[in-house]
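Protein sequences appear in the order of chains B and R.
Numbering follows the working numbering, with no gaps: position 246 of the first sequence is 246.
Numbering follows the working numbering, with no gaps: position 305 of the second sequence is 633.
Derived from the structure by calculation, the hints contain no laboratory data.
Computed from a predicted model, the values in this text were never measured in an experiment.
Careful: at least some of the hints might be erroneous.
One side only, chain R facing chain B, incomplete, derived with CB under 7 Å [said to hold, decoys possible]:
1) L375
2) Q377
3) G380
4) L389
5) S390
6) S392
7) G398
8) G405
9) L433
10) H434
11) S436
12) G437
13) E494
14) P496
Note that beta-carbon positions come from the ideal geometry of N, C-alpha and C, so glycine has one too.
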Amino acid sequence: MENQKNIEPQKAADLLYQMLLMRKFEEKSAELYTKEKIRGFLHLYIGEEAVATGVIQTLKPEDYILGTYREHAHALARGVDAGAIMAEMYGKQEGCSRGRGGSMHLFDKEKNFFGGNAIVSGHLPMATGMALASKKLKKGNITVCFFGEGAAAEGEFHEALNLASLWKVPVLFVCENNLYAMGTALRYSHSMQELEKKGQAYGIESAAVDGMDLLRVMEAATKAVDLVRSTGNPYLLVCNTYRFRAHSMFDAELYRDKAEVEEWKKRDPIPQFREYLLKENLINEEQIGEMEERLKQEIQKAVDFAEAGTWEPEEDLGKFVYTQNSAS
Amino acid sequence: MSEMIKITYREALKAGIREALTNDERVFLMGEDVGRYGGAFAVSKGLLQEFGEDRVMDVPLSESGFVGAGIGASLAGMKPIVEVMTVNFGLLPMDQIVNNAATMLHMSGGQINVPVVIRMSCGIGKQLAAQHSHSWEPLFAHIPGLVVLSVGTHEDARGMLHTALEHPDPVIIFEYTSMLNREAEIPADAGPMDISLAKVRREGKDISIITYGIGVHKSMEAAEKLAEQGIDAEVIDLRVLRPLDEKCFLESVVKTHRALLVEEAWGSINVSSEVSARIMEKAFFDLDAPVKRLGGVEVPIPYPLHLENASVPQVDDIVNAVIKILRP
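This is chain R alone, in the form it adopts within the complex (with noise of 0.2 Å):
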């Protein structure tokens, strides 16, 4: 077992950038502020000074042009990693992502890849009301063409862009504006992660905790306080909310019997519903109790700590809900 590091959820992020910088002269960096600024959330702060300001690109406001040239840079053989400031603002690019980036090797008749990255930090948490607070994941996770990844883990953060790059079809990636400051530890090699898989961030038989990002967290420290309880929670980190890797959380409904489905977005339509649906269709007899979402209160978020804190599931709701199944 390699030696732990602790390492900070943005200097995990910035180390995989700095590494893939470093490794591919084709790698570059371009989006608002990540250059003279030094990343709206401090990500990318040094890059500029370490690798230059052709590496390293300030865009102007301009959402749908620089994600549609970075999906033509990526056609014409770079390898542009895209960072759109928030999430937020990442229905201006939608019709880049989808008609262009999502569906070019398709209509193309598999002629033509599209190999870009594009990040978005997202999540709710910072008191800043209905516009700068939302969870889309579910919008870009519809989207058959894109690969969709969740950064729920420190882990993630440094070694899922490797592997990004590395893919010959576009790839969205979620980061979690929230976790930024968290420590955690990680092997000091850490490297790669793939990104096609879930994984199992907690084994447990009683219950199947199934979630992605920030919901990752707050289900760990749930489960912990369930276990003080005698309850046993197998908790699932999604990653990858396309294409979801189904065998994983259909093996461990199986085993469970039982599954609670955490998320930020609103509740309707949302990552939950499709996996709900999935166990429904392929676990369904191996249920002992109804699947159970906790999503999003479907309110544009509002600006008060205590009302924005209601809008999305806490601990304390995943803990109840848990009990709720188990000891009806």
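This is chain B alone, in the form it adopts within the complex (with noise of 0.2 Å):
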């Protein structure tokens, strides 16, 4: 890793806290899942926390962001009480979207994040929308937009990126590039697998960068974001990272070499930004052991809440599907 920047001890700590509450969060999800609490399907962000990580940390409060199916971390790195998101895995009333969604469909309006969308590719025009009502209504905000390389080869992502050009709206495309669409290899996905020259073939301005390095999203991602809200122009920003466990609990991972995931597990963002810190002295091993400890504090917190929290009563099923039915 090299030193990109320099970095205060204190964000370092804390940018070493939040990868490691989502590696942590995710896999105590993983373990809840295997006895029934979380159910459905869960789909894991581990070995890709850089991104989120890199990314969300340079947005604002007012920025809007849009996640995937595979959202836990970005709603973590967005200050979702991670008790809300657990008590929505395990459908509690008390989750952050009313247990109605549960791990795919994470929302919080106050924290500006929509979602928590399920459909590939499907929340790429939204994100150009919202971009454009921002610009309308001059808000000066922008709108940050997550999808793995499987949305790229969409219909959606083709028409969110030719309109998001055409209209010069403040959205930042990030492509989360896993290398897998489910089961399915970017090269056998992609005809053209350098993915930022399709957003350069709508005239927008594009960069790659090694997903796995926090530093490096974190330059790339400030560097895009700082773009977009000067120029209030569209930016694409390709990460390479790549998933360390199954698509969801249901993948038997016939599809890939244990050998590649052990290579790519050498990478690992947490380790490799844990050691950087460590060598530069900007934290030493009893604070990394505090951390640990304040982490499982953390998880039981919210494990204890989504445990605590109650089932919404049935009689209450019709609500939510028009704003009138929906009081509280």
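Got two chains here, separate frames each, mind docking them using the hints?
So, in structure tokens, the structure goes:
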């Protein structure tokens, strides 16, 4: 890891904590899944933490964020309460979407976190539209839209990029290229695999970055966000990364070699960043020990909150279909 | 009683849009050829010149993209009127409409409203053959979370949009191409129309003809012919296809004891199927005859005029069906 910029020790510690929280939170989620506390689909972000962390730390609270169905980490990075996320995955009404959404549909309007969108690429046009509204209303905020490389094969990706460029709206498209669209490798899903060029085809400034390296992601994201904010134009940032875990909890991983996974794990963004911080004396072992203790407590607190949560009464089933019937 | 003016259906629609653009800066019209071309059916002719290109936006042929963008803009504080040129292209943005517009409020646990209005022209009658003659009101009426309107009269053409824009949830408005040049009288001060109720367009005591859209005029004409034969038919315009105002048509059936359901959409699993089922469930013992449905013949719409006409119920079909029920 190269030193891109000077980083304040406190910020460095916060970022490490955030990535560790994502990792531990999801490991706990996987465990709770096997215990059948969490059901449905559970898509883990493990291995990709540097992307959400690096991009979201550059944003302002008024910026809009749209994520995919693999969005626990993004929600955490945005400051959505870990307990509310866990309760959502339990299906409890104390969840951040009142339990109606589950793992794939985390929402928090106050945090400007707009999902949790589980139709691949379906949220890209919405992101363009939200940025269009910001432009029309002169809000000054930007929209950031995360999606995988699988989404870049969908028509809606191309429509959304074309419209964003045509209308010159402040949206940052962040492609999390983890090399597999479910079980289909990049080389089987894209005729042209340098994904950043797809942005250039629409006249959108684009860049690719090593998504396993937090400092590089931060540097690239800062540049991208500054540009979107100052010019009001869209930007495509491709973060090349890797998912260590299966696509979902149902995936037997027949489509890739274990050796390949092990090779990528050597580039795990979390130990990489931790070693860097230790080497640069930005953190010490004692502080890391304290951090791990704090993490344990935060995750336990989240689980306790979810466990203590309540089920929405069945007679409320018809709520939230129309606003009129949604009073809580 | 206020003064009446003669107006075409097209002019009534345009007056509604023009008023919306005038009254609220957040309203904008977006769609294919709505601006420079003047609207594929000249409904928005002149509005670009009057309101400028930020308020009347031509969009590229990317229905999923711009409908999604309209949904996104509505999430972020705008009040978009999205025009899908014809319902025939309405399947392309179906994912946006079903998975985003209709679903967001629910899966966010009531946090996120989608106050978008989507207009589509539709209907058969111009020899446009199988891909341009669809009646897909039932497809949209199937989706919880949507408000689905059918504009069967000039007053509704003038006034439904206003109320739709005030609604916090997504509203789909079906307008009928073959009615555009039709003239009718409406009050000079015609304004907002409710979007929750079905309406009795003609009172009668012998049979309830329950219909919507283009079926309203055909049924009214049929009712006049039936009157000449001493049959007094009541005509119900459903207007709102979701959520259905069942109170209106059940009361009518309880009064007349007979029902004929008329629509142009394919006969199986259409709006009439639902109306029929509700009559069976809630007014069965008030019936003096089986409910009869007159729907579209289940064939892709053919090009030749005589076959096209034979594909959907015509005035004489309605007259004959009523006579068969009343004088078997």
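Results of checking the hints against the structure:
no.: 1; hint: L375; result: violated, 17 Å
no.: 2; hint: Q377; result: violated, 20 Å
no.: 3; hint: G380; result: violated, 12 Å
no.: 4; hint: L389; result: violated, 9 Å
no.: 5; hint: S390; result: holds, 4 Å
no.: 6; hint: S392; result: holds, 5 Å
no.: 7; hint: G398; result: holds, 6 Å
no.: 8; hint: G405; result: holds, 5 Å
no.: 9; hint: L433; result: holds, 5 Å
no.: 10; hint: H434; result: holds, 4 Å
no.: 11; hint: S436; result: holds, 4 Å
no.: 12; hint: G437; result: holds, 3 Å
no.: 13; hint: E494; result: violated, 11 Å
no.: 14; hint: P496; result: holds, 4 Å
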